[in-house]
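**Q** Spelled out from the first residue to the last, the chains are:
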Amino acid sequence: MLNINNNSSRLKKEILVRIARLQFEGKLADGVHNIPRELAPPNGTPIRCCMYHDREIIRHRVIARLGCGLEDYDDEKRLSEYAEAALNREKPVGPVLTVLDLACNSCVRSHFMVTNACQACLARPCLVNCGKKAIEIKNGRACIDSEKCVSCGLCLQNCPYHAIIKIPVPCEEACPVGAIAKGENGREHIDYDKCISCGNCMRECPFGAMIDKSQLVDVIKHMMADKKVVALYAPAAAAQFRIEPGRLDGALLAAGFSNVVEVALGADITASKEAAEFAERMEKGEKMMTTSCCPAYVRAVREHVPELLSCVSDTRTPMHYAAEIAKREFPDCVTVFIGPCLAKRREGLDDDLVDYVISIEELGALFVARGIDVTKAAPVPGKKIPTPEGRNFAKSGGVAQAVKAFLKDTSILKEAIIDGLDKAGMKRLAEFGKINAGTLPRTDDTPNLIEVMACQGGCIAGPSVITNPKVALSQLTKYAESGVRAS
Amino acid sequence: MKKHTVNICTGTTCFVMGGSELLLLDELLPDDLKDVIEIKGSPCIGICKNADYGKAQADHAPFVQIDGEVVDEASIQKVVDHLRRLNA
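Going down the list, the protein sequences come from chains C and V.
For this note's numbering, add 37 to where a residue sits in the first sequence, where the first one is 1.
For this note's numbering, add 26 to where a residue sits in the second sequence, where the first one is 1.
Only chain V is shown next, with the shape it has when bound in the complex (with noise of 0.2 angstroms):
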């Protein structure tokens, strides 16, 4: 099966933001996701700077990527539930 991609922003935004609690996705992450996904800090993503992706977008941070989709005001048990979504 793929895995799929968790993609952490770790720019200062992000990071300031929240993200650093993300850094313990790893540690925190219960055993039925541990090897269907595969965790990535990235440099910043640059949502934070996009006037497409919407809303105010600085204020959205901290930003991670999950396959490619967007999740704002990423905490790890919001990038947990969407990961059990994309697993059901």
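Looking at chain C on its own, in the form it has when it is part of the complex (with noise of 0.2 angstroms):
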């Protein structure tokens, strides 16, 4: 897995940083263009072959910082007429990931290669382990022919000098339900009815070739215009920084935005409806339920193991409940979502009652670009304090505990968790799948709760965090024990 802080994350912040600075200074339009060249200077070290390919594939990170599709990219339309695009655009619109076909690598199929480490052994391992017959020995080294081989990697847990190694495609290998695959150039293409929006492919591309479209210039132009606009942080946003609960709404505001809801306590109504349902489905005798909070796994069901679908909570994700409140408290006022999650800004898309989703990344430059500082700014703590259990749903396991917390009678409870849908994931997803459609036999250890969350670790693993998810994990739970128990 790629560390967080890397050049391709750092490159991304380092764009939107610079479009909000121009924005608050009025100078979108006429500064933009300015950007892949202050990026890509011309006494540089260039990353691709010279700075005027550097320089390309910035401005196309641009557009889509700016909100603006690739998919209909014009070679001859200027960053301004871009930025003046993303100012009159009065709603975003998807798809909200999308390949940088420019800055993908085309990397060579996922395949098996024996390295010059190779000794042509005696014992030759390599030879007597493969059970296609794909190696033979030539010229003095152990040779694959791609044709017979099918990538079960026994030739390389073999060989004893470590000879042989595999190449990935990272996007590929990433993607937990087949949606990309190499198009007739050699790039990556994205399936939109398969992708279910989990940012996997996001994180792990080296080339930062998957790329998501932000919604940041559409919310300081709301903010810029004095419209009320309220910022809803979930709690893996609360947790991405070492601070004393309350800083962060301070911070918020002192960003720009009118007012603050914690998406916490959209998690405590989701925990409460949730356990209710629970406790109704099981009455009537059903005999699974998941978790619904996660828009990634709702997609996935959907998409990919539909015999789950029955068993889907049909309640609405804290989210929507924080959007809710937001629009009941200050009418007329416009709702951002700050969370790390790329499948939230897809939820967005559709839940009329949130006009914005924006991740942790684009939270940090809006920071940068007002130099505010966080762990200074003045605590203005919410006037109703979120329950622990609300603001844990950001780990995995956090959301069945929320839901047990709400549940009168806790004895009916038998919880599951999928703590990530990578391919393994996805594999005990289909299980449970199958023993809802009754394909599978249901046993005494089969479970009636489960609780999916599709990033490993839950959302303080999500696709778009700053800060490592271990360190997120430990601020996660100061804060949560800073919540107020439910009476």
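By construction, these hints were calculated from the structure, which means they are not laboratory data.
Honestly, I wouldn't trust all of these hints.
[Unchecked claim] Have a look at the derived ranges for each label pair, beta carbon to beta carbon:
(1) V:Thr31 <-> C:Asn71: 34 to 40 angstroms
(2) V:Asp58 <-> C:Asp112: 49 to 55 angstroms
(3) V:Thr31 <-> C:Thr480: 58 to 64 angstroms
(4) C:Asp369 <-> V:Asp57: 55 to 61 angstroms
(5) C:Arg522 <-> V:Asn113: 24 to 30 angstroms
(6) C:Asp111 <-> V:Glu95: 45 to 51 angstroms
(7) C:Glu173 <-> V:Asp93: 37 to 43 angstroms
(8) V:Glu64 <-> C:Lys441: 26 to 32 angstroms
(9) C:Asp369 <-> V:Asp93: 51 to 57 angstroms
(10) V:Glu64 <-> C:Val187: 50 to 56 angstroms
(11) V:Glu64 <-> C:Asn40: 35 to 41 angstroms
(12) C:Pro162 <-> V:Asp57: 31 to 37 angstroms
[What the hints assert, rightly or not] Taking lysine to aspartate or glutamate pairs in the EDC-like style, the calculated list, with each CA pair at most 16 angstroms apart, reads:
(13) C:Lys464 <-> C:Glu344
(14) C:Lys460 <-> C:Asp446
(15) V:Lys66 <-> V:Asp52
(16) C:Lys507 <-> V:Asp52
(17) C:Lys310 <-> C:Asp446
(18) C:Lys507 <-> V:Glu53
Even glycine gets a Cβ: it sits at the ideal position worked out from N, Cα and C.
Both chains come to you apart, so use the hints to assemble them.
**A** Take a look at the structure:
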């Protein structure tokens, strides 16, 4: 797994900071064309063949950060024109994720390769262990016949010299649902019917070629027009910073939001409704229910495990309930969900109460552009403090725990956690689907409440976090502990 | 022997631009350096706003000070390399 702070994620944030700064100065359309030159300067060391190539790719990145689609990229159109289009846009548009063709490395198809560490030894465990007879020794080295090879990896596991390596395609490898494949030009292509917007590919592509469409420009535009812009911050957003509760609220107000609602309050509503729904379903004789707060998971069920669809809770997500609170308390406001999740951006496009969704990276860029130090912001705690359980929604296991806390009779509960929808997670999900469809037997150990989070570790490990999930977990724990227990 | 002081800026600009990773420095420090340094976290040390620093300051966050000397675009590896040089 790529670490969170790498040159690709840094570049993303540098572009966002520059866009936000220009916009606050009222110079977005005038100054945006300078960004590629600033980030690929004449005296720098180019990443690609030359600075002109770098600049052209950055130009594409800027377009995506402006929230414009790369699908209908127009070579003739200036960045200033894209900026104008972004500033005049009424509503954000999908798809939330796209491939930046120019940045895509067109990685060679995933394969096993024999390196020159091969000694063509006497034992030849690669050859002996290959069930497909895909290996022969030629010119003093093992050779893999790609026609016969089925990528089982036995040769790699058995070579005493570590001479055989696997060359993966990182985005394809990261995608749990097989939604990414090579197009005719060798570049990657997303099948949006299969894609669950988990954001794994975006996090794992070493070339930063999987790119999300930002909505930050839209949010700043409303701030500058003095609209009531309400920040709905997810518990995973709070867990990014090492600060006392309330400071993030203060920093958000200083950054230009008019009001702040903790999404953990929405999580409390989700948990209480989900607990009631669970009790009711079990009473009706249903055997299984799953959580529904992770939109990547819900999409995974819809597109890939339809046998499980009837089990997905009908309760809405914390984001939805938090937006409901905001729209009720602050009529005519613009709601902005802030979290580390790409799938939420897609969920936001379909939820009338959620106007915009921005990532943690975008929130960070907003703070940097405005020169706000979160650690020094005056604490402005909300009027109502969520429960520890509501705040713990951001970690794996937290949602099941919260449902349990709101359940009157916990003896009926047998929970299971699917921590992360990687390929193994999808397999487990498919098994539960089969159990529900009756094609696999139900046993005494079969759970009746299944919590699923697409990101391993929970939302604190989402694709757009800025803090290592391990650190975020300890910060989340502190944040949760200061919650107020439901009486 | 006097210990080297590593002062990590935890101001938001540094934190957002990659400084969050430096919170793991303590954990990821190679054994040979463990006893010769002292790690401190500090509120914003102000380099991002200091025009005298030269280059476009905020663009070179995150910042770390090692015995008072500023390391820009700091990563764990960069800090370790710097400490190795000092300790050589």
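**Q** So which of those numbered hints doesn't the model satisfy?
**A** Hints 5, 7, 8, 11, 14 are the ones this structure does not satisfy, whereas the remaining hints hold.
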